[in-house]
Amino acid sequence: MTLPLTHRESVPESPNRLGLDGIEFIEYATSRPQALGQVLENMGFRPVARHRSREVTLYRQGGMNLVVNASPDDARVSATTDGQPVISAVAFRVRDALQAHTRCMELGAWNVTSQAQAMELHIPAIHGPGGSRFYFVDRWQEFSIYDIDFKPIPTVDQHPEATAGMSYFGVVQYIGAGRSADWLAYFEHMFDFSFVPDDQRFGILPKGKLMKSPCGNFLWQLIEPDPWMDTDESPECLQRIGLGAVDVGAAVAALKARGVEFVESTQLHPEDRGALTRSALGSVSFELVHKD
Amino acid sequence: MNLLDGFGMDTITMAGSLEAKLSAMKDAGFSQVMLMARDLVTHPGGVPAAVAAVQASGLRPTGFQVLRDFEGLSGHLHGYKVDIAKSMLEMCAATGSKVLLACSSTSRHATDDLDHIARDLKKLAMLALPLGIKVAYEGLSWGRTVNEFTTSWDVVCRADCPNLGIGIDSFHIFAANTPLDAIEDLDPEKIFLVQLSDFMWNETPTFEDRMTTARTFRVFPGEGVHSEALADLVLRLDRIGYRGDYSFEVFNDDYQQLPLATVAERARKSATWLHDNVLHRSAPLPAWTRTQASV
Chain A
1 MTLPLTHRES VPESPNRLGL DGIEFIEYAT SRPQALGQVL ENMGFRPVAR HRSREVTLYR
61 QGGMNLVVNA SPDDARVSAT TDGQPVISAV AFRVRDALQA HTRCMELGAW NVTSQAQAME
121 LHIPAIHGPG GSRFYFVDRW QEFSIYDIDF KPIPTVDQHP EATAGMSYFG VVQYIGAGRS
181 ADWLAYFEHM FDFSFVPDDQ RFGILPKGKL MKSPCGNFLW QLIEPDPWMD TDESPECLQR
241 IGLGAVDVGA AVAALKARGV EFVESTQLHP EDRGALTRSA LGSVSFELVH KD
Chain B
293 MNLLDGFGMD TITMAGSLEA KLSAMKDAGF SQVMLMARDL VTHPGGVPAA VAAVQASGLR
353 PTGFQVLRDF EGLSGHLHGY KVDIAKSMLE MCAATGSKVL LACSSTSRHA TDDLDHIARD
413 LKKLAMLALP LGIKVAYEGL SWGRTVNEFT TSWDVVCRAD CPNLGIGIDS FHIFAANTPL
473 DAIEDLDPEK IFLVQLSDFM WNETPTFEDR MTTARTFRVF PGEGVHSEAL ADLVLRLDRI
533 GYRGDYSFEV FNDDYQQLPL ATVAERARKS ATWLHDNVLH RSAPLPAWTR TQASV
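Chains A and B, in that order, are what the protein sequence lines are. Heads up: the first sequence begins at 1 in the working numbering, then just goes up one per residue. Heads up: the second sequence begins at 293 in the working numbering, then just goes up one per residue.
Just so you know, the hints here were simulated from the structure itself, not pulled from any lab data. Just so it is clear, CB atoms sit at the ideal spot from N, CA and C, and this is done for glycine as well. Do not rely on the hints blindly, as some may be mistaken.
Unchecked claim - Here chain B is said to cover these stretches of chain A; the calculated rule only asks that three of the stretch's residues, wherever they fall, bring their Cβ under 8 Å from a Cβ of chain B: (1) 105-113; (2) 124-138.
Claimed, not checked - Some chain A residues flagged as far from chain B (calculated, every beta-carbon gap over 10 Å): (3) 19; (4) 63; (5) 189; (6) 283.
Said to hold, decoys possible - Below 30 Å or equal to it, Euclidean Cα-Cα: the simulated DSS-like pairs (lysine-lysine) are: (7) B:390 <-> B:318; (8) A:209 <-> B:390; (9) A:291 <-> A:256; (10) B:390 <-> A:212; (11) A:207 <-> B:482; (12) A:209 <-> B:318; (13) A:212 <-> A:291; (14) B:318 <-> B:482; (15) B:390 <-> A:207.
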């Protein structure tokens with residue numbers, strides 16, 4: 001009897017047990033929704049809908065959905081840091097939201113209790129780093145979840161084009177000192193993310209450890225504090241959003257024309273590989289990354 | 293820099309209020325404390341007041357104990373224990389402790405399948421991970437399936453999770469007569485806690501003997517009949533590169549009725565014995581050397 005060829009060596013597969021398929025939305029919590037809205041509009045996002053029961057606005061450009069949550073209970077996390085907006089949630093597109101949530105709970109995730117009101121969608125979620133959450137959304141192909149919980153803002157184009165064709169590229173997470181191995185294990189175990197070797201980097205901020213989603217649609221970057229930093233003063237959080245653009249130069253020019261400022265120093269400045277916007281409202285910056 | 297750095301007492305050794313215990317430890321020169329969940333929940337001011345007392349003491353928490361009988365269960369028993377674990381983790385995080393001690397199960401209802409045990413411990417480690425907590429899994433010498441550090445190490449290796457490691461307790465090693473040679477097989481980075489104590493009996497053959505002795509008649513390192521073996525253990529740990537904390541896990545009914553300062557003084561003597569006579573650690577340099585260096 002002979003074994004099939006494939007059994008001769010143990011070749012690891014890249015499983016995608018949640019059926020992950022990109023980012024459905026990213027949420028900011030803030031007690032200053034107007035100020036953040038202005039920053040987002042400068043970045044090309046347009047407010048397209050408002051939540052039926054809470055102070056939540058949906059912004060959109062191209063395939064990117066971005067939610068600004070100013071409802072008092074959720075904005076409290078931002079109130080503790082002088083109203084600085086914080087990335088409070090990332091919603092993953094998955095094959096089956098309930099299955100994904102159940103699997104993560106079995107693996108040791110912390111459940112988030114739903115706040116859905118009557119007739120609103122109950123989107124299952126688990127706790128992420130800091131005070132953040134990971135949502136699981138499965139109804140993104142046949143209809144839009146926003147049609148249920150949100151009311152479109154009248155006369156506004158519901159599908160504004162993306163500036164310079166930008167799309168979600170990834171999320172940068174700040175982690176505690178010596179915590180890279182922990183978080184690598186977490187994302188690998190929970191979501192089947194895979195490690196990207198240190199010699200493969202994108203954009204102009206190559207620090208830390210990089211992971212790729214099993215769908216290949218986005219990256220996740222983990223950054224520890226520098227050794228000289230006081231770790232107690234740098235809590236773990238989702239720090240910034242990476243936006244992919246085929247032509248970074250064109251995106252930078254378009255955004256500059258709208259008043260977006262970029263970090264320009266000898267070490268860090270806009271170039272073909274990427275660019276970093278100046279931090280607005282004390283905490284909001286976007287990283288542009290070249291995408292083929 | 294302090295001679296006692298790296299050594300700490302456990303609150304379980306002394307009687308009295310949490311504040312009195314913390315104060316006695318500090319007065320004896322200790323800079324860390326191993327906390328017990330009961331310290332928090334029995335505090336007259338509740339958990340927040342206990343947390344405030346720990347913070348005000350300036351003592352660093354060595355770790356937080358103890359989650360019992362977590363692994364190997366199924367169905368509603370498993371769900372129940374997950375809830376208990378979450379509450380323990382929340383208290384652990386509130387105190388600023390970076391290590392949760394989990395003891396091997398004694399439950400008849402738990403499986404003896406080591407892979408199942410490893411899977412449950414990995415789940416516990418995942419629960420602990422976002423909170424920045426490491427789980428130290430310790431084999432109780434009367435544990436049903438895992439009762440030696442060699443087996444707890446096997447389980448930790450099977451689980452293969454960076455924030456899951458082992459806790460070593462000298463009492464259980466000596467009570468179970470585990471050969472110390474196996475220390476060589478451990479990865480020092482995965483030993484998250486070492487608890488030390490000695491006791492007065494040469495033999496504890498039955499689980500009953502072990503439990504009674506463990507809970508009522510342990511003594512500080514150097515005070516019992518296993519001092520030589522304990523010194524050997526500490527030196528072996530030092531040799532493989534363990535540089536973490538040593539805490540004194542001394543359950544003793546007599547110490548529970550002595551003045552706190554007297555008990556803390558015995559702990560200080562024990563730490564000094566380990567520092568000077570066992571590990572031969574160097575004394576801190578006198579202050580004038582630091583002044584010279586900064587010129």
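Next on the checklist: Hints numbered earlier in the text: which of these fail when held up against the supplied structure?
Outcome noted: 5 and 12
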